[in-house]
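Work out the full structure: start from the sequences and follow the hints.
Protein chains in written order, with the working numbering: chain A, 4 to 417; chain B, 4 to 417.
FYI, nobody ran anything at the bench for these hints, they're computed from the structure. One or more of the hints may lead you astray.
Remember, identical chains collapse to one label, so a pair may be satisfied in a single copy or spanning two.
To be verified - Only pairs whose alpha carbons sit at most 25 Å apart, straight line, appear in this in silico PhoX-like list of lysine-lysine:
hint, residue 1, residue 2
1, Lys-109, Lys-223
2, Lys-223, Lys-179
3, Lys-223, Lys-97
4, Lys-149, Lys-223
5, Lys-42, Lys-223
6, Lys-143, Lys-226
7, Lys-179, Lys-294
8, Lys-143, Lys-179
9, Lys-149, Lys-97
10, Lys-109, Lys-149
11, Lys-294, Lys-245
12, Lys-97, Lys-147
There are 2 protein chains.
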Amino acid sequence: MTKFIDQLNDEQRTELKRQLAIYRQGTQEIIPTEELEVKIAKSIIENKSLKIKLGLDPSAPDVHLGHTVVLNKLKQFQENGHTIQLIIGDFTGKIGDPTGKSIARKPLTDEEVKHNAKTYFEQFAKVIDMDKVELHYNSKWLSKLKFEDVIQLAGKITVARLLERDDFEERIAYGKPISLHEFFYPLMQGFDSVELECDIELGGTDQHFNILMGRHFQEKFGKEKQVAMLMPLLEGLDGVEKMSKSKKNYIGIDESPKEMYGKAMSIPDELMSKYFDLITDFTLEQIQTMKEQLESGSLHPRDAKMLLGKTIVRMYHGLEAAEKAEQDFISVFQQGALPDEIPVVDWNGDREIPVIDLLVDLQLLSSKSEARRMIENKGVKINGDRVQDTKLTVSITEGLIIQVGKRKFVKINR
Amino acid sequence: MTKFIDQLNDEQRTELKRQLAIYRQGTQEIIPTEELEVKIAKSIIENKSLKIKLGLDPSAPDVHLGHTVVLNKLKQFQENGHTIQLIIGDFTGKIGDPTGKSIARKPLTDEEVKHNAKTYFEQFAKVIDMDKVELHYNSKWLSKLKFEDVIQLAGKITVARLLERDDFEERIAYGKPISLHEFFYPLMQGFDSVELECDIELGGTDQHFNILMGRHFQEKFGKEKQVAMLMPLLEGLDGVEKMSKSKKNYIGIDESPKEMYGKAMSIPDELMSKYFDLITDFTLEQIQTMKEQLESGSLHPRDAKMLLGKTIVRMYHGLEAAEKAEQDFISVFQQGALPDEIPVVDWNGDREIPVIDLLVDLQLLSSKSEARRMIENKGVKINGDRVQDTKLTVSITEGLIIQVGKRKFVKINR
Numbered sequence: 004m005t006k007f008i009d010q011l012n013d014e015q016r017t018e019l020k021r022q023l024a025i026y027r028q029g030t031q032e033i034i035p036t037e038e039l040e041v042k043i044a045k046s047i048i049e050n051k052s053l054k055i056k057l058g059l060d061p062s063a064p065d066v067h068l069g070h071t072v073v074l075n076k077l078k079q080f081q082e083n084g085h086t087i088q089l090i091i092g093d094f095t096g097k098i099g100d101p102t103g104k105s106i107a108r109k110p111l112t113d114e115e116v117k118h119n120a121k122t123y124f125e126q127f128a129k130v131i132d133m134d135k136v137e138l139h140y141n142s143k144w145l146s147k148l149k150f151e152d153v154i155q156l157a158g159k160i161t162v163a164r165l166l167e168r169d170d171f172e173e174r175i176a177y178g179k180p181i182s183l184h185e186f187f188y189p190l191m192q193g194f195d196s197v198e199l200e201c202d203i204e205l206g207g208t209d210q211h212f213n214i215l216m217g218r219h220f221q222e223k224f225g226k227e228k229q230v231a232m233l234m235p236l237l238e239g240l241d242g243v244e245k246m247s248k249s250k251k252n253y254i255g256i257d258e259s260p261k262e263m264y265g266k267a268m269s270i271p272d273e274l275m276s277k278y279f280d281l282i283t284d285f286t287l288e289q290i291q292t293m294k295e296q297l298e299s300g301s302l303h304p305r306d307a308k309m310l311l312g313k314t315i316v317r318m319y320h321g322l323e324a325a326e327k328a329e330q331d332f333i334s335v336f337q338q339g340a341l342p343d344e345i346p347v348v349d350w351n352g353d354r355e356i357p358v359i360d361l362l363v364d365l366q367l368l369s370s371k372s373e374a375r376r377m378i379e380n381k382g383v384k385i386n387g388d389r390v391q392d393t394k395l396t397v398s399i400t401e402g403l404i405i406q407v408g409k410r411k412f413v414k415i416n417r
Numbered sequence: 004m005t006k007f008i009d010q011l012n013d014e015q016r017t018e019l020k021r022q023l024a025i026y027r028q029g030t031q032e033i034i035p036t037e038e039l040e041v042k043i044a045k046s047i048i049e050n051k052s053l054k055i056k057l058g059l060d061p062s063a064p065d066v067h068l069g070h071t072v073v074l075n076k077l078k079q080f081q082e083n084g085h086t087i088q089l090i091i092g093d094f095t096g097k098i099g100d101p102t103g104k105s106i107a108r109k110p111l112t113d114e115e116v117k118h119n120a121k122t123y124f125e126q127f128a129k130v131i132d133m134d135k136v137e138l139h140y141n142s143k144w145l146s147k148l149k150f151e152d153v154i155q156l157a158g159k160i161t162v163a164r165l166l167e168r169d170d171f172e173e174r175i176a177y178g179k180p181i182s183l184h185e186f187f188y189p190l191m192q193g194f195d196s197v198e199l200e201c202d203i204e205l206g207g208t209d210q211h212f213n214i215l216m217g218r219h220f221q222e223k224f225g226k227e228k229q230v231a232m233l234m235p236l237l238e239g240l241d242g243v244e245k246m247s248k249s250k251k252n253y254i255g256i257d258e259s260p261k262e263m264y265g266k267a268m269s270i271p272d273e274l275m276s277k278y279f280d281l282i283t284d285f286t287l288e289q290i291q292t293m294k295e296q297l298e299s300g301s302l303h304p305r306d307a308k309m310l311l312g313k314t315i316v317r318m319y320h321g322l323e324a325a326e327k328a329e330q331d332f333i334s335v336f337q338q339g340a341l342p343d344e345i346p347v348v349d350w351n352g353d354r355e356i357p358v359i360d361l362l363v364d365l366q367l368l369s370s371k372s373e374a375r376r377m378i379e380n381k382g383v384k385i386n387g388d389r390v391q392d393t394k395l396t397v398s399i400t401e402g403l404i405i406q407v408g409k410r411k412f413v414k415i416n417r
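Listed below in structure tokens is the structure:
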């Protein structure tokens, strides 16, 4: 196993160490590290790129910063000359839910799969060089399998091994049903690695079991085993749950500079250094310096967070947009001024309207009781004047500016 | 559900009761009886035959009396105009063992499957009218299933339900591995019933789980559910284990009249009435009468067993052969005479040989110690004379007859 490492000359040995240090940064677990070393050594000696796999669910193509934890790692491999294999798991997406219980999981059409894949790729292009990426749709090989092949595949794994997966174990323990077809999802993910002879598979720590299936089946099919590289899961803006679209605690990489910056400012202080680690292009040294400055008090947490917001905007919209977002933030939030651009809303309603009805009609607040609370908490301004009375009647005029909280503005167009 | 039963006129109701009584005879469990009644009622009203399924394993085509428990029940359905569906489970037979662990389970070729099926049918023809039987090979539909279809099928059953099968439950409990492909055997058996729209599936009580799979999947696929009819398992000649070829405790229906009769005489007394019940064509009344005679002492158990032996030979070789087997038995075993036909063995060995070596060389006994014990127990005769001395040297002459125990004879040919 160590033969490739033993063959390295000094220069190559330095290169191995350099690459390893990069791949290890921020990574939660490498299974096993020794095999990763051998694979890199071999790639250096033979001057051959490694195949780095990332599997994608074609049903939810919105990419947020949580995904970039893995994308940034992929980018590092790509920058060192390795080949990224993106696999769209369209085979199961096209089947839908065979139990018929989940109305939400409708089978995807070919067109929907293609459209969602395109959406992914456009977003990924902001991080990795998509021209150098291998694209695969796993229906290409999975849809060809016949019952006989499926039995051969199933014969290579035990029921007990599958039941070890955390969520299966839990459901068995609590008497919640597991449909037999669910056992096939990890099998398919494993078989994809057999088919594409992947060297390394990346994923979040929640993919631990599924990625190890790749190693299992590659071995059973007499192939070289892939290395599992597990990245930490990024908590969302709430600081508690994993960042995800359904939890609404995410920053999408397609969001506007202003929205990105604003959301970044709402990240809990204690998560800041994790965000710097996992989703920015800061080096280990830069992050270390910043942590020391925060501890010594020479850097204010608010300023660190502003740097985080600016960095995120810079990565996805460029430096100019980042500087503008920062300036806007400073003027609105720190100086209490209005932002440069305020959304304009056409008004066809009454000329005179109770302020509470107005706030609800403009969808600035979702109910009258909420609108009342916001006024009582001094959170509503009209043309810069704080509304003091919940019973106020407002005369609607062209260009009237209504502000709710710190960041919601609307300008009336009559 | 009772609508068909309610529609029956008096004559039809009598016919329903008549058929039910026949099907119930000797049957261990009907799941559920009410549905069987409805199905028969419907078949009477619509003058349509029911489809009665029996699944066969194509790898072991030797038919013994254990199998005839089910065959006799099938015959009753056939005699009442219903249709037997024999299903050769060739699909799995042709796959072999996907784990590669069992060398014994080599994949069967098409020719082997055909040959084994033919062997079954020739033997079955002794019980049922094979001209009226529907023959099916389940590879016809199972081999057409693609991965997607398999997932749809698997989505219709839970892991917990499969783990309820006794042998799976036991293996999980004892930490013995279950390969995932094994979960598919009951699924396939169930899907066969969907495909053929079976009304009733027959099997031993050990098929309880698998036959209920048919009901499960028929329901999931929107079909009428089959009724499970479970027959008791017949203990073999040892009186303990289920009759099976591997346990060597069986009477094959292809065996000679003499072998059949002889083996029948070794059935333990306490199993006699079960054998009469399950594998003879005796009516309930005849069996009842016999039981009473045995209890009152007017029938000797040995005579009852001779009747059983004669009946078995009659069913598979005809009355004449049965009477001859009985006569042979009486003359050999009861009068100590030699049977009409003795196997002849060519002898090329020494002219003078110790009796113990002779018995082992002729393969009448498997070891010298066994031969010694048999002589000490007065179980060896040469030309009708009991051998008294384990050290005896035998002079080999043409036509010498060696007898071991009651039923093993050999004649020497020099």
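At 25 Å max between alpha carbons, let me know whether Lys-109 reaches Lys-149 within a copy, between copies, both or neither. Answer is both: 23 Å inside a copy and 20 Å across each meet the 25 Å cutoff.
Up to 25 Å CA-CA - Lys-179 versus Lys-223, copy category: between (31 Å within a copy, 20 Å between copies)
At most 25 Å between alpha carbons: which applies to Lys-97 and Lys-147, within, between, both or neither? both (14 Å within a copy, 20 Å between copies)
Is it within, between, both, or neither for Lys-149 and Lys-223, if the alpha carbons may be no more than 25 Å apart? Both ways: Lys-149 and Lys-223 sit 19 Å apart in one copy and 22 Å across, limit 25 Å.
Within, between, both or neither: Lys-223, Lys-97 at alpha-carbon 25 Å: between (28 Å within a copy, 21 Å between copies)
Is the C-alpha distance from Lys-179 to Lys-294 at most 25 Å within one copy, between copies, in both cases, or in neither? For Lys-179 and Lys-294, neither the intra-copy (45 Å) nor the inter-copy (52 Å) Cα distance is at most 25 Å.
Between copies, within a copy, both or neither: which fits Lys-149 and Lys-97 at Cα up to 25 Å? Both ways: Lys-149 and Lys-97 sit 17 Å apart in one copy and 14 Å across, limit 25 Å.
Please sort Lys-42 with Lys-223 into within, between, both or neither, judging by C-alpha distance up to 25 Å. within (20 Å within a copy, 49 Å between copies)
Copy assignment of Lys-109 with Lys-223, given that the CA separation must stay at most 25 Å: between (33 Å within a copy, 19 Å between copies)
Checking Lys-143 and Lys-226: alpha-carbon separation at most 25 Å within a copy, between copies, both or neither? within (20 Å within a copy, 33 Å between copies)
At 25 Å max between alpha carbons, let me know whether Lys-143 reaches Lys-179 within a copy, between copies, both or neither. neither (33 Å within a copy, 36 Å between copies)
Reference check for the pair Lys-294 and Lys-245, CA-CA at most 25 Å: within, between, both, or neither? Cα proximity of Lys-294 and Lys-245: one copy only (23 Å, versus 75 Å across).
Violated hints, listed in ascending order, are 7, 8; each of the other numbered hints is respected by the structure.
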